[in-house]
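Trainee: So the protein lines, in turn, are chains W and U.
The first sequence runs 12 to 315 under our numbering.
The second sequence runs 12 to 315 under our numbering.
By construction, these hints were calculated from the structure, which means they are not laboratory data.
On a predicted model such as this, the values are computed, not experimentally measured, just so you know.
Wrong hints could be hidden among the right ones.
Intra- or inter-copy, both count: the list cannot distinguish identical chains.
[To be verified] Distance condition first, Cα-Cα at most 20 angstroms in a straight line; then the derived SDA-like pairs of lysine to any residue:
{"id": "1", "residue 1": "K281", "residue 2": "I185"}
{"id": "2", "residue 1": "K37", "residue 2": "W102"}
{"id": "3", "residue 1": "K28", "residue 2": "P52"}
{"id": "4", "residue 1": "K281", "residue 2": "H168"}
{"id": "5", "residue 1": "K281", "residue 2": "P184"}
{"id": "6", "residue 1": "K37", "residue 2": "G116"}
{"id": "7", "residue 1": "K281", "residue 2": "N169"}
{"id": "8", "residue 1": "K281", "residue 2": "N191"}
Single-letter residue listing:
There are 2 protein chains.
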Amino acid sequence: MTEHWQIGVDLGGTSFKCGLISPEYKIVARNHAPTHALAGPEQAAERIAEHVRALLKALPVRAQVSALGICSPGPLDPLTGTLIEPPNLGWRDVPFARMVSERVGMPVTLEHDAKAAALGEYHFGAGRGSDAMALIIVGTGIAAGIILNGQVYRGAHNSAGEIGHITVDVDGPICRCGSNGCVEIYASGPGIISAYEYAAHTRVDSAEVIAQAAERGDENARRVFARAGRALGAGMASLAMVMDISTFVMFGGVMQAGAFVLEPTAQALKHYSYQSVGSRARIVLAELGSDAGILGAAWRAAHG
Amino acid sequence: MTEHWQIGVDLGGTSFKCGLISPEYKIVARNHAPTHALAGPEQAAERIAEHVRALLKALPVRAQVSALGICSPGPLDPLTGTLIEPPNLGWRDVPFARMVSERVGMPVTLEHDAKAAALGEYHFGAGRGSDAMALIIVGTGIAAGIILNGQVYRGAHNSAGEIGHITVDVDGPICRCGSNGCVEIYASGPGIISAYEYAAHTRVDSAEVIAQAAERGDENARRVFARAGRALGAGMASLAMVMDISTFVMFGGVMQAGAFVLEPTAQALKHYSYQSVGSRARIVLAELGSDAGILGAAWRAAHG
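Isolated chain W (complex conformation):
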């Protein structure tokens, strides 16, 4: 009997990562390449196809790859497989799933990276067994991938999950999006860097540097993460109350600050939630790292 394997591809602004996935959803072989050098979508599709063909050489006898799933930053259309305007790539309205499919000769699906990572963590990682789960990605931006009863929640216009722009202070600082008091101002990597740089009157390269400073006892770093966690937890409380979410899987560079950000997040989630919602909610760390997107994209390719 033929074994059905899959391939998952995580296409990001700096690199793409490919994985060959067994029927038990283990990543058996991998490869990756930078994206910044790509001249455009045609070349990107071609390079991904080359890497996919390389992975196929690791396929056992009697196994067959039945589906290829790609995930990417949005906005994108998961139904038509079109990249609408992926950040950092400068492309527009590219029918990327079809372009890759023509080159590899198998069906290809396209999924938003946060939603693919959420599917990965839900099926194979920290979200296993949850009935209503949100993967919260806290990095350059803040987004949620929401899984209800095993299905990705998309909303009527495929724009659900914009947790980064929930308002937690109607009088708060102005945001890049034109609003003010958004969660991202306080808890995104750039927001944390700006707040720390002002308070400590210095320059830093990344939120990781500030996490290390917090570890060493730097009070400014600790205060910035406490404030980030409070805003993040208040936004997650809104999500918990309007959508009845009980499991939050935390992911992204900012989570490297560990308890400095997680404790205030958990406290705020409980404090700003209504009654039973807050006591039911649990926060866990993502388990799969960047494999979540690869596995989730492949899962979606196989299950539609």
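Using the hints provided, position chain U relative to the given structure of chain W.
Mentor: Just chain U now, kept in the frame of chain W:
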């Protein structure tokens, strides 16, 4: 051929209202009675059954009532038809749908009042034709009934839609729920009354009195509604962004303040929403008044 009619019952803290509903979803006959005098759930079921039997006398020949739907304030379990702890009635864990069903000899369903009213406005009122709708009830409390693709959105534990306790200011005033900065503090009837009483250094009986004062040019009344609308619109923006809601149907006593509350609500919804979400969102007033619950409860009884 037998015509299938329905009966809808709106069970509130002060009265219950019954309607006999034609196949075209017109309320053809009605009756109502106060609830405060009821000794307990047994008597309530009996009195409702009496009112239902009275309505059945208005049923045309060849017509038959195939389903009875009741709506009530939560918390309740719509699957088992159990009232868990209805406010103002002092009952606990009452299998009310079964109790009424045994007395009227037909299937009876139980639905949360906000969700029933949302179904009513979606099918027969201001929400017709919308793809993702939230009925926002702004009265003593603030709650949302959410309809996605024609279905009530319940969440994993049937507690979705708690928009009244979304945090719009992490440093805001303390709330009855134990949190602070909740939408209800600013925009509920009691919240508006408290804010106005403090500002105007007077006592008022209801938010309607404050709406009349705003109409007459009372600056304190106008400021209180402006603040209420800003908080309400910011909370609705969170709902729009996490669930991708595009149609908001506004309902409840506070809406009697008209443009004094609706204009700042619409401005805040747009300001605090992310990009396309805010420009897509539209706010309309509910059309059906208290009939929305009766019609929505009956619709749910007929369609499961």
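Trainee: Each hint: holds or not?
Mentor: Evaluated hints:
no.	hint	in the structure
1	K281 x I185	between (26 angstroms within a copy, 15 angstroms between copies)
2	K37 x W102	neither (32 angstroms within a copy, 53 angstroms between copies)
3	K28 x P52	within (16 angstroms within a copy, 62 angstroms between copies)
4	K281 x H168	between (30 angstroms within a copy, 17 angstroms between copies)
5	K281 x P184	between (24 angstroms within a copy, 17 angstroms between copies)
6	K37 x G116	neither (23 angstroms within a copy, 56 angstroms between copies)
7	K281 x N169	between (29 angstroms within a copy, 19 angstroms between copies)
8	K281 x N191	between (24 angstroms within a copy, 12 angstroms between copies)
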